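K.L.:
Chain by chain, the residues run as shown.
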Amino acid sequence: GQQVMQIPQYQHVQEGEDFTTYCNSSTTLSNIQWYKQRPGGHPVFLIQLVKSGEVKKQKRLTFQFGEAKKNSSLHITATQTTDVGTYFCAGRMMNRDDKIIFGKGTRLHILP
Amino acid sequence: GAGVSQSPSNKVTEKGKDVELRCDPISGHTALYWYRQSLGQGLEFLIYFQGNSAPDKSGLPSDRFSAERTGGSVSTLTIQRTQQEDSAVYLCASSLASAKWAQETQYFGPGTRLLVL
Numbered sequence: 072g073q074q075v076m077q078i079p080q081y082q083h084v085q086e087g088e089d090f091t092t093y094c095n096s097s098t099t100l101s102n103i104q105w106y107k108q109r110p111g112g113h114p115v116f117l118i119q120l121v122k123s124g125e126v127k128k129q130k131r132l133t134f135q136f137g138e139a140k141k142n143s144s145l146h147i148t149a150t151q152t153t154d155v156g157t158y159f160c161a162g163r164m165m166n167r168d169d170k171i172i173f174g175k176g177t178r179l180h181i182l183p
Numbered sequence: 218g219a220g221v222s223q224s225p226s227n228k229v230t231e232k233g234k235d236v237e238l239r240c241d242p243i244s245g246h247t248a249l250y251w252y253r254q255s256l257g258q259g260l261e262f263l264i265y266f267q268g269n270s271a272p273d274k275s276g277l278p279s280d281r282f283s284a285e286r287t288g289g290s291v292s293t294l295t296i297q298r299t300q301q302e303d304s305a306v307y308l309c310a311s312s313l314a315s316a317k318w319a320q321e322t323q324y325f326g327p328g329t330r331l332l333v334l
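Top to bottom, those sequences are chains U and G. So for the first sequence, my numbering puts the first residue at 72; every next one is plus one. So for the second sequence, my numbering puts the first residue at 218; every next one is plus one.
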């Protein structure tokens, strides 16, 4: 069936190091969204990507949407302790109206 | 303004009992989603309401699960004859999206933590 795979599942980095999480879909996506969930909190929307090859930046966060619109990445430069949490991607399937599939998330731990 | 609210925040029930979870979306949001999140897992889509259209129920795991959205606003998720594997956080989200490919930021509620003993 349709899947959105997210890797890695867990990532430990030293504070100040960079971090990347990847999202891959088995089918073409019409758009992809990224969410951040702090420990004990609920998911908070970060960004939506729609166009093939799109790149968007939010301060230290860089989001990319692949040319084929099947994969996406979130890159954090110089991580800080406030970046701790789980990052989810959510892809809307192009071949199925209004179907959103979330990845299982990447849990980021920052070592001081 | 007020965000998405959910009630109760926590629910402990015995196996076999029915439970109702409530979601109040942001006023004016036409789209409403239910998800569940098991411990340490990702979000699992359950059901989607958009305006007056027939809901997308494709994510409901069994016929014990049902949801309603009355008057295009408040929604209730009902789980009948609860099982221990139903224990999870149930999240509701709403969106302003009124067109198919419109900007679809989803605003999540705080969730209802369900524990089935």
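Hints may contain errors.
Straight-line C-alpha distance at most 30 Å; calculated DSS-like pairs for lysine-lysine [what the hints assert, rightly or not]:
(1) U:Lys107 x G:Lys228
(2) U:Lys107 x U:Lys175
(3) U:Lys127 x U:Lys175
(4) G:Lys232 x U:Lys141
(5) G:Lys274 x U:Lys175
(6) U:Lys107 x U:Lys127
(7) G:Lys274 x U:Lys141
(8) U:Lys130 x U:Lys141
(9) U:Lys122 x U:Lys107
(10) U:Lys107 x G:Lys274
(11) G:Lys234 x G:Lys274
(12) U:Lys128 x U:Lys175
(13) U:Lys107 x U:Lys130
(14) G:Lys234 x U:Lys122
(15) G:Lys274 x G:Lys232
(16) U:Lys141 x U:Lys127
(17) U:Lys141 x G:Lys234
(18) U:Lys128 x U:Lys141
(19) U:Lys175 x U:Lys130
(20) U:Lys141 x U:Lys122
(21) U:Lys128 x U:Lys107
Rather than coming from a laboratory, the hints here were simulated on the basis of the structure. These figures come from a predicted structure and were not determined experimentally.
K.L.:
Look at each hint and say if it fits the structure.
P.N.:
So, going through the hints one by one against the coordinates:
1. U:Lys107 x G:Lys228: holds, 25 Å
2. U:Lys107 x U:Lys175: Holds, because 12 Å separates the two Cα atoms, which is no more than 30 Å.
3. U:Lys127 x U:Lys175: Holds, at roughly 22 Å.
4. G:Lys232 x U:Lys141: Answer violated: G:Lys232 to U:Lys141 is near 41 Å, above 30 Å.
5. G:Lys274 x U:Lys175: Within the cut-off at roughly 20 Å; holds.
6. U:Lys107 x U:Lys127: With a Cα-Cα distance of about 16 Å, the restraint between U:Lys107 and U:Lys127 holds, given a limit of 30 Å.
7. G:Lys274 x U:Lys141: This hinted pair holds, its Cα atoms lying about 25 Å apart.
8. U:Lys130 x U:Lys141: Distance of about 25 Å is within 30 Å: holds.
9. U:Lys122 x U:Lys107: The hint holds at about 21 Å.
10. U:Lys107 x G:Lys274: holds, 25 Å
11. G:Lys234 x G:Lys274: holds, 22 Å
12. U:Lys128 x U:Lys175: holds, 23 Å
13. U:Lys107 x U:Lys130: Holds, at roughly 15 Å.
14. G:Lys234 x U:Lys122: Violated. G:Lys234 to U:Lys122 sits at ~47 Å, over the 30 Å cutoff.
15. G:Lys274 x G:Lys232: holds, 24 Å
16. U:Lys141 x U:Lys127: Answer holds: U:Lys141 to U:Lys127 is near 17 Å, not above 30 Å.
17. U:Lys141 x G:Lys234: With Cα atoms ~42 Å apart, U:Lys141 and G:Lys234 exceed 30 Å; violated.
18. U:Lys128 x U:Lys141: holds, 20 Å
19. U:Lys175 x U:Lys130: holds, 25 Å
20. U:Lys141 x U:Lys122: holds, 11 Å
21. U:Lys128 x U:Lys107: Distance ~15 Å between U:Lys128 and U:Lys107 Cα, so the pair holds.
Of the hints listed earlier, those the structure fails to meet are numbers 4, 14 and 17, in rising order.
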